[in-house]
Amino acid sequence: MMIFLAIVLGLFFGFALQRVGATNPENIINMLRLTDLHLMKVILFAIGLSSALLFVLMAAGVIDPGHLSVKESYVGVIIGGAILGLGFAIAGYCPGTGLAAIGTGRKDAVVFILGGLTGALLYMLAYASIESSKLFDAIAGGKVMLADSSEVYPALIPGVPGTLLAAGIGGVLMLIAWGLPKRF
Amino acid sequence: MDKKLNWFKGGLLLGAAFLLAIALVKPVGVSTQFVIADGIIWRLFSDQIIMTSKENKTGYSSSNAYLNKSDGKYAESVAHPLNYSFIFVVAMVGGAWLSQRFGGPKTSAADKIAPAVWRQRFGGRSLPRYMTVFISGVLVLFGARLAGGCTSGHMMSGIMQTSLSGYLFALGAFAVAIPVAILVYRRQ
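Keeping their order, the protein sequence lines are chains A and B. Just so it is clear: in the first sequence, position 36 is 36 by my numbering, and no numbers are missing. Here my numbering runs 1000 ahead of the position in the second sequence, where the first position is 1.
Since the hints were made in silico from the structure, they are not lab data. Model, not experiment: these values are computed from the prediction. Incorrect hints may appear among the rest.
[As the list claims (entries may be wrong)] Here chain B is said to cover these stretches of chain A; the calculated rule only asks that three of the stretch's residues, wherever they fall, bring their Cβ under 8 Å from a Cβ of chain B:
no.	region
1	23-30
2	78-92
3	98-109
[To be verified] Listed below are the simulated BS3-like cross-link pairs for lysine-lysine, each with C-alpha atoms no more than 27 Å apart in a straight line:
no.	chain 1	residue 1	chain 2	residue 2
4	B	Lys1003	B	Lys1026
5	A	Lys107	B	Lys1112
6	A	Lys182	B	Lys1009
7	A	Lys143	B	Lys1069
8	A	Lys143	B	Lys1026
9	B	Lys1073	B	Lys1026
10	A	Lys134	B	Lys1069
11	A	Lys182	B	Lys1026
12	B	Lys1106	B	Lys1009
13	B	Lys1003	B	Lys1112
14	B	Lys1106	A	Lys107
15	A	Lys182	B	Lys1106
16	B	Lys1106	B	Lys1003
[Said to hold, decoys possible] Example chain B residues on the side facing chain A (calculated, C-beta under 8 Å, incomplete):
no.	residue
17	Val1030
18	Ile1040
19	Leu1044
20	Leu1127
21	Ser1163
22	Ala1175
Where is the CB? At the ideal position from N, CA and C, for every residue including glycine.
Make the full structure from the sequences, and use the hints.
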């Protein structure tokens, strides 16, 4: 069953990425240099809508909050993000879109993924030396969510009902998606 | 003619993909599978990279500290790669192929080497593009693993769950990606 789901959900995700133009590095690059914000609108709308629905459906008992998996916040998240951002902007690929792009016949994507395998390997080799460094100091308590909807993960904003907060944030993201101009 | 979906339908489709994944199984994540793939390849050359273990809760350990982390969590995945996460990521390639084959935006022969925005600046020769994307790939995955996730796992799945880490990751990533893209590709 899990394997079936993996295939179907993976196919769906790859399909969606290609359909919205995310597998074309030109669209990513144009988004990042702010000349064509199409993908930014797609991403913000997707996150906003799915987030609002996720929390509403959890509150309604349809989605199991046990499926949540919140990642740890630590200094390396920001620095790692920055390093990723550097490669992302130059190539126009990230791990997911680069992989999906292979399905569209892009040869530079194949090379990107080979680089990616190398980068991941370099990290695996470097890890032992850096694991006790300040890079991994937790921020705000580590695995925290903004919304108060989980028994497992502490909330950063516990005063507001989680569903309301998430739906509110989701709504704002969707509004921004709608309001963003085509280019800056 | 570019047949990509408009932002509304596109956002709906992409959002559905993330929501369905977490509803049925768990949040979407990609970059971990690069580590797993590396482990699988490494295993062809070394016996010690994945071993059974009585100490680790997963039953697996590795001579590599990263694969051994969290009670051998990654080591276990390397030992049993036919798991949900790995197959999901492989299927993504097929999904993208399906979309292009059946009505999605097309990729020209020149595009398959480098996108037009690159070719306009740097020409269409494959070697410069390949060398550049290779190094970019190294940076992207090194950064992703340092952060503990990539744009799919941290940013999209993360912010969807209102995870603080998702926001921090997005901050780091775009604070660099936007100026770099403008510097490298200009704004025409």
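Quick rundown of the hints versus the structure:
Counting residues of the region 23-30 of chain A whose C-beta sits closer than 8 Å to any C-beta of chain B gives 7, which meets the bar of three, so the coverage hint holds. Three residues within the 8 Å Cβ limit are the bar, and the region 78-92 of chain A against chain B gives 15, so the coverage statement holds. Using a Cβ-Cβ cut-off of 8 Å, 12 residues of the region 98-109 of chain A lie near chain B, which meets the minimum of three, so the contact claim holds. At roughly 30 Å between alpha-carbon atoms, lysine 1003(B) and lysine 1026(B) are farther apart than 27 Å, so this suggested pair is violated.
For the suggested pair lysine 107(A) and lysine 1112(B), the alpha carbons sit about 5 Å apart, so the restraint of at most 27 Å is met. Taken as a hint, the lysine 182(A) and lysine 1009(B) pair is honoured in the structure, with Cα atoms around 16 Å apart against an allowance of 27 Å. For the suggested pair lysine 143(A) and lysine 1069(B), the alpha carbons sit about 17 Å apart, so the restraint of at most 27 Å is met. Restraint check for lysine 143(A) and lysine 1026(B): satisfied, since their Cα atoms lie roughly 16 Å apart, inside the 27 Å limit.
Under the criterion of a C-alpha separation no larger than 27 Å, the hint pairing lysine 1073(B) with lysine 1026(B) is consistent with the structure, at around 16 Å. The hinted pair formed by lysine 134(A) and lysine 1069(B) meets the criterion: a straight-line CA distance of about 18 Å does not exceed 27 Å. For the proposed pair lysine 182(A) and lysine 1026(B), the alpha carbon gap of about 33 Å is over 27 Å, so the pair is violated. Under the criterion of a C-alpha separation no larger than 27 Å, the hint pairing lysine 1106(B) with lysine 1009(B) is consistent with the structure, at around 18 Å.
At roughly 17 Å between alpha-carbon atoms, lysine 1003(B) and lysine 1112(B) fall within 27 Å of each other, so this suggested pair holds. Taking the CA atoms of lysine 1106(B) and lysine 107(A), the gap is near 14 Å; set against the 27 Å cutoff, the hint holds. For the given pair, lysine 182(A) sits about 22 Å from lysine 1106(B) by alpha-carbon distance, which is consistent with the 27 Å threshold. The straight-line distance between the Cα atoms of lysine 1106(B) and lysine 1003(B) is roughly 8 Å, inside the 27 Å bound, and the hint therefore holds.
For valine 1030(B), the interface hint holds, the least distance from its beta-carbon to any beta-carbon of chain A being 4 Å, beneath 8 Å. At a threshold of 8 Å, the smallest CB-CB gap from isoleucine 1040(B) to chain A is about 10 Å, leaving the interface hint violated. A hinted interface residue such as leucine 1044(B) counts as satisfied when its beta carbon comes closer than 8 Å to some beta carbon of chain A; here the least separation is about 14 Å, so the hint is violated. Below 8 Å, beta-carbon pairs count as interface contacts, and leucine 1127(B) has none with chain A, the closest being about 10 Å; its hint is therefore violated.
For serine 1163(B), the suggested interface contact is upheld, since its CB lies about 4 Å from the closest CB of chain A, less than 8 Å. A least Cβ separation of about 7 Å between alanine 1175(B) and chain A falls short of the 8 Å threshold, and the interface hint therefore holds.
Hints 4, 11, 18, 19 and 20, counting from the list given before, are not met by this structure.
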